[in-house]
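Novice: Residue numbers (our numbering), protein chains in the order written: chain Z, 1 to 113; chain U, 1001 to 1113.
These are calculated hints, taken from the structure and not from any lab test.
Warning: the hint list may mix true and false statements.
[As the list claims (entries may be wrong)] Listed below are the simulated EDC-like cross-link pairs for lysine to aspartate or glutamate, each with C-alpha atoms no more than 16 Å apart in a straight line:
1) U:Lys1101 - Z:Glu10
2) Z:Lys73 - Z:Asp26
3) Z:Lys78 - Z:Asp31
4) Z:Lys55 - Z:Asp31
5) U:Lys1101 - Z:Glu61
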Amino acid sequence: AQTVTQSQPEMSVQEAETVTLSCTYDTSESDYYLFWYKQPPSRQMILVIRQEAYKQQNATENRFSVNFQKAAKSFSLKISDSQLGDAAMYFCARQGGSEKLVFGKGTKLTVNP
Amino acid sequence: KAGVTQTPRYLIKTRGQQVTLSCSPISGHRSVSWYQQTPGQGLQFLFEYFSETQRNKGNFPGRFSGRQFSNSRSEMNVSTLELGDSALYLCASSLAGGSRKLFFGSGTQLSVL
């Protein structure tokens, strides 16, 4: 099975500090996309950042950036200057030749004031 | 632009009943996907519709079905409900063939008693 693994069920960070969430994946496809989604208590899945596998440059979106290591099949999310509103479940996901997303089990992020 | 709208937000049913969930995608989006989210199994892909045709299907029993209308709105139906069908059902829409980004609704929380 082509899986996505998030090895950290829970993480915590102090407000204004930096935290990194880990994700590894398995795929036999050469062309795919990787995503980080955030799910706050409202339950809506919010797209945080997207990486296209054929691009070597790591994606960034304001305070959010990724470290994409294609050979190692690793895709970590770095949140800088953490804010209270960043507290949520974070899901890593892989998308191959269709619209289907394969999700990891998620990491619960707590931001301490 | 309005987001993905799912109705109803909450639903309580009893075993053996059937249920229909509705999803209105973002205007212009032609692909609609459905996901089931449970604490035990996480997020699992149910199916994807594009231009009224099912393009992809997850590993769920035939009790789970869906359809898409000409205006891209989609419905998901679960017949002969079981206790294990209790879950958050999330709908996502995308341009399909464009950015490949999926935008999610807030979900329908189904409780089967």
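Novice: Would you mind marking each hint as holding or not holding in the structure?
Specialist: Hint-by-hint comparison with the structure:
no. : hint                : in the structure
1   : U:Lys1101 - Z:Glu10 : violated, 26 Å
2   : Z:Lys73 - Z:Asp26   : holds, 7 Å
3   : Z:Lys78 - Z:Asp31   : violated, 23 Å
4   : Z:Lys55 - Z:Asp31   : holds, 10 Å
5   : U:Lys1101 - Z:Glu61 : holds, 15 Å
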